[in-house]
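Chemist: Here is how the chains run, residue by residue.
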Amino acid sequence: MTPTATADPLTTPSSEPPAESVAPPGDRDVPWYVWAVLFASTSVVLGVIWDISWHRTIGRDTFWTPAHMAIYLGGAVAGLSCGWLVLRTTFAAVAAADRAAGVTFWGFRGPLGAWVCIWGSLAMIVSGPFDDWWHSAYGLDVEILSPPHTVLAAGIIAIQIGAMLMVLSRQNNSGGHSRLAQHLFAYAGGMLIISMATLATEYVGFANMQRNAQFYLVSAGVFPLFFVGTSRASLSRWGATSAAAVYMGLTIVMIWILQLFAAEPLLGPIMRPVDSMVPPAFPLLLIVPALAIDGLIRTLPAQGSRLRPWITAGAVGVAFVAVLLAVQWYFSAFLLGEGARNFLFGADQWDYNSVPGPWQYEFWGSPLRASALAWASLIGFASARIGLWWGDWMSRVRR
Amino acid sequence: MRLHRLFGLAFAVGVALVASAHVGSTNAYFEGMAGSYSVRVIVRMPGVIPGLAQISVRVAGESAPSVVTVRPLRWDAGLEGAPPPDTAQAVSGEQGLYSAELWLMTAGSYSVHVSVSGTEGEGTVFVPVTAVAERRLDMNRAMAVGLIGAVLFLFVGAMTVFGAAVRESVLPPGEQPDAKRRRRAAIATVLGGVLVAAILWGGWAWWGGVDAAYRAGIFRPLAVTSAVESGEAGPVLTLHIDDPEWLGRGWTPLMPDHGKLMHMFLVRDDGLGAFAHVHPVSADSTSFSVAFPPLPSGSYRIYADIVQESGFTQTLVDTVMVAAATLSGSPVANDRDPDDSWAVLPAHGQTAGERFALPSGRTMTWEAGAQPRLDAETMLAFRVSEADGMPASLEPYMGMLSHAAVTRDDGSVFIHMHPAGSINLAAQARFERAEQGAGQGGGSAASRPDAAVAPADAAASDVVSFPFVFPASGAYRIFVQVKIDGVVETAVFDVEVPED
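Top to bottom, those sequences are chains B and X.
Residue 1235 is where the first sequence starts when you use the working numbering, and the numbers rise one by one after that.
Residue 46 is where the second sequence starts when you use the working numbering, and the numbers rise one by one after that.
Pulled out of the complex, with its shape left as it was, chain X reads as follows (with noise of 0.2 Å):
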């Protein structure tokens, strides 16, 4: 059973990962510009607090070296709380990567605030993360072996410093310890074993102690109960926090992003064949309510995304069961956000390769390079083409050229992203908006949830990309959404991410 603390708890850190925001991986990927500087920056959470974030900054097209700091800014206390700047290293042999790491120290709302500067000028950017305990990680076999031998080593090596206090160090030099001393000294030195035992228990039992406090503390999300039921205009899903922190009002109120207080997300658990984005309004602070969409009936993996004034973000996750019978009942609802949008999709595993046919006729075709690696910087691009293979124009859909999520197949993994990358862009314009003259370059203004397109995909408005980090190896579905004609439709591409 002790030996089971060492080396395992396997089974934690798998819910961890379950259950932290942006489920699967709190890691932030944006792209977007600084300034004048288009960049890529990567953000690695360091999975304990405190912990050390990895940094990765790719500036696109430099001509010549910059100078890229990096800075990380809590909440509540901002650029003047946070610590001077850190430049920011040169990876060698990668023109116009630089790398860094941050130690970010306390759990909650974060941004790392990126400065470039070169020969255009200054340019900053607001990352926004969220600083959680994620994991506890296990103690290696070799590591557990080497701390139980040199505990062994140390503990023999008292026992004996005992026995030789009581048996020869009060005798005056040069004279042997007598039958009774000996016998007094084998008493000391069993005696002292008792004593450092007592002390090692007393030790191991608070180990355990600090280790049990730690998981508790590991983050996960609020706890939800959802259902969907008949109503009077067609069946609601509805989703109710009843997390007793969430009741206690230890939390700052939630906030718009892109102008929803929750994007939620739908995935059909029988073969990820049936998805659907939807956005449930608030009818107080605890319960949200949507129309069901008319999607089969079956089990759903729901993933509910929201974001507090803070800059915290957290995904709500839940299965629900959608009756055959509930949905059968009910008239169609028509009263919906129009934002709302939901496909049929084949199974997983079904699609075919690396082109997808929407139901408008077009295609979308993933624009794959090198085979996805795990852990590895990856841009998940995509082009949309009209059915007579011309470029199709996409329209902006909830101030983006495109969503996408990427989930795995067991669900353990689901992340939300646009072309600006995982990151919450509410987050991020509230890190702006309170820091506001802080940096030159205004931000990324591209990133802004109110503005239309990103500039970077404006030149090419039938590619959306999005930059990406497989957080563990297994079989993936990616969910991508773009608007034509008013209308919204999504693909999906099937992938496997092998073992590193």
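The following block holds chain B by itself, in its conformation from the complex (with noise of 0.2 Å):
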């Protein structure tokens, strides 16, 4: 520790312990501001689903609904928890283990999380007026891309970004003796595919577009990053199968829950019944891509030659289209049957201004080529070599 002239005083090192007398935090002592970002990561996320599930059925809203009201409560938690933690942290004289252990910010301390949170709460605030000025300029965006949405994403995303860093320092901290911090980083990575898959829904969430060449393209650029990432950064075996299981177990409870409460729209056309909250899509079945994944980058040594992370990156795209292939193909046909038409799966629920029809039942785009799961392994290829820098990156977090 070598402090410099230029200091500031209050991130002044000299008033710092030294890095050897910090415990390594366990299992029983996850700070509050923890488990404070991973509640806003879950509420925004609930309340996106809430939100597209509202839009389907009840079409209208005011700022006010339920559903808005859980996304910003997890900006606001978010931002509010994370503030009063750096401004703590910068200020507060019994804060100084904690100033050793954040990154400066224009001349503030705190945990990089706690910065990332607050960017991602800014971002949210200012898709606001953004988004309102979008509906006057342009008319009511009723779909999840557009520009002021991506704006709100980029805000949601980051939280849980940082949402995900606050858990790993905790977890890189702890010389791999904090289990809760591996579940809990798996539980914010989960948050966090969900997201990228509710972002990606246009593209490739419904069944019937999953045997397109759209789907496979799609897939191999959005999820590899992420499920890598994931993988390569948690100290369990198992950090991109856990993340995908709680991808799938908290989209599926949504839709059993979803389902549960009667509504009806309130704006026309209704070319369709609709009595219940429209539950989103049966999600994909992600988790065995990510075991694969997993299982690649357990095996794959991660030192060596240069060539190293471009052989496994090249691996897991090939992996990833080829699995999500195999398990995707035939899940889709059954989600179109009859068999997937009950309260479980919560298939061929459709939007109350969706005009009935047999596309409900039918694949849509054209049929699927070699070439184009060709082109989507190149695109996973590129998307896990991303994942493992990130994945790298993180696995060396600690503040």
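What the hints contain is simulated information worked out from the structure, not anything from laboratory work.
Note that the structure is predicted; figures quoted are calculated from it, not measured.
Please note that a few of the clues may not be correct.
[Stated by the list, open to error] Beta-carbon label-pair distances, calculated as ranges:
1) X:Pro130 x B:Trp1623: 55 to 63 Å
2) B:Gly1362 x X:Leu245: 33 to 41 Å
3) B:Gly1591 x X:Glu440: 16 to 24 Å
4) B:Leu1500 x X:Phe198: 35 to 43 Å
5) X:Ala261 x B:Leu1500: 25 to 33 Å
6) B:Asp1582 x X:Tyr259: 31 to 39 Å
All C-beta atoms, glycine included, are put in the ideal place defined by N, C-alpha and C.
Can you join these two chains into the complex? Each is in its own frame, and there are hints to help.
Modeler: Take a look at the structure:
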């Protein structure tokens, strides 16, 4: 430790205890702010799923719908708890150890994850008036992906990554002793996977899409990055698998819960009878490719020649597409059949304003070609390679 | 240039206003009966779709508060596919006035179904509207500056996060970054900035694409070409719909309104001093022709109202030059639609206030109340007197007691109205037919195209009145047509609507 003459008195390391004196965190001392950001991450995700169901079922909304409240509650909890944490870490005399465990941001100190969460909260706030103006200028956007919604999504994703980083620093500082931190990291990663799957819904979400090229190209671009990153950063053997299980589990629970609530459309034209909340589409069976990714990440040596990561990424890209094809090809056909039209799978439930027709039971888009799978593997390779960089860095995050 | 996109596009908005059905405003005004209730309904359209339409319903002479509900129904979904009724809220301080908001989610032909319940039972009425994207809102300067500032703040914040992530986040608590790590952090800050800038640039390009697609989708009436040429039986005006969309047959067919497939208005550019209301006939589904009336040569604005079987109405707009040689070289046409009418009038600004002397010696008087105000509910009422001052006895002209056209001097507004309002009566009848039995009160018999006169007007048949809202400030000319002793007479009144 070499204090510099220009160090901020608030962050000067002379007041910090030596690193050795910081006891590795265990299972029992997860601080409140970690729980707060995990709650925030969950609240936002559930709010988004709820809100999409709301628009597909009821249609009409206001700022004050419970789904919106869940989203904004998540943003507020993340922003306020991390803001408080940063102020306390920077200024409180008793927080010297925390200052040592933080990073500097415009003269303030706090964990990196807190800064990412604060950034996410601010992005969510910015998206509000932007989205409002957008509705006035171009009409209400009844789509997930629009420029202001993307700003909101960036804020949400930042909060989820911030939550992951805050859990990670505990996992990485525990020397592998905190299994709770490993579980929480898988949970936080699962929240991020749900967000990414939700953002990609219009391209991959419905079973009808899951035999065309777009499904494989988009899936290969989105998912390997996050599964490889989670797998590489987790101290558990099954980081990606656990995150995929969280994604699937929570989505299925939301399918079950939403269907229990009676609702009716309040916008027209109403093209089909809808009497309960329309659930999200059944989740992709991502637990299977995630299992393959965990296997590859644990099996293939991380160190060695410079080519190692590229080889691992290539293997992941091919394996992801192959396994996804193997499971989703048949499962999507099941979801379009009568066997899935029940409470458990929640299939064949559509927006109030969609005109009923045979399209509900058909595969959409042009048939899948081998060339599309090759391109998907290549995209999967690039996605996995970025995931390896990200995961390698996350595996070393201490603050 | 980029700021221009944020701040500008007033021009695009102007074009959109010119190009709307019922040129200049798609707002709908209706006055008539809902069962036993005399109602005036104003639907202010949102201008963007999906968007919120503002509905106001005035129930005349109610003895006790009524329950007023409104529902939007799309032409192909009907009441069965309409959302549950919204209860309009009583406007405090205004007896009998109720207001509500309705979401119109898709473009096309809609009808607002208004229901009134009170001491006189229940009455309903359909008010047809045309839902189209008409404009794109500009971003005001404060909003633009705030947004740019927020994005810059987030941008710098993101760069700082990248730097902190590389500089310190991987160090054990308490350890200071060395010079190498600080250098790498500086590089990461810059690279992070480049990455975020690239994302922002992509977002900007995306926004530009969405904006361009939206502006391309702003409603424009079908493109037409027109000409006045000499014919064997006199000068003939032809109007040809040559819009690829029309030729592509992506539309429901036209249906007659007052027995005519097209109601065409001609307004002479020079001083708005000549006016005609004629009814071209269709040679095929794209060409319409009519004998050009005996009016002076010059440039004429054409406004041609058509309505499709879906109830979708639009006003085709064009300008045609009528050469003096074409008129002088042709015989006078005799074969005309008996409902065609025309008049040579004083130039804009040359009228004598609120009284207009009709060629027959009668007088039409504008019973102007308060000065017309921008975007405010206004009743335009006119009284017709015989030369001796006695009330004139008006006859129905194409089923209505009167026809009026309101135009702004630059042509950016042109609205054809009846005492029942600005709504298209054929479209209203279409919705009533489609929903027969859907409500009590039997809809608005008063406003059916085949009805002789509106009962509300029958009691005082020397007075005609039109519910209206001036959609923009500026100089307006109002043409009012009435039929007396089998002759259609046209009066004009000029008015200046000030900025609010």
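Chemist: Each hint: holds or not?
Modeler: Each hint, compared with the structure:
1. X:Pro130 x B:Trp1623: 55 to 63 Å: Once the Cβ atoms are compared, 57 Å apart, the range 55 to 63 Å for Trp1623 (chain B) and Pro130 (chain X) holds.
2. B:Gly1362 x X:Leu245: 33 to 41 Å: violated (19 Å)
3. B:Gly1591 x X:Glu440: 16 to 24 Å: Because 52 Å falls outside the window, the suggested range is violated.
4. B:Leu1500 x X:Phe198: 35 to 43 Å: holds (37 Å)
5. X:Ala261 x B:Leu1500: 25 to 33 Å: holds (31 Å)
6. B:Asp1582 x X:Tyr259: 31 to 39 Å: holds (33 Å)
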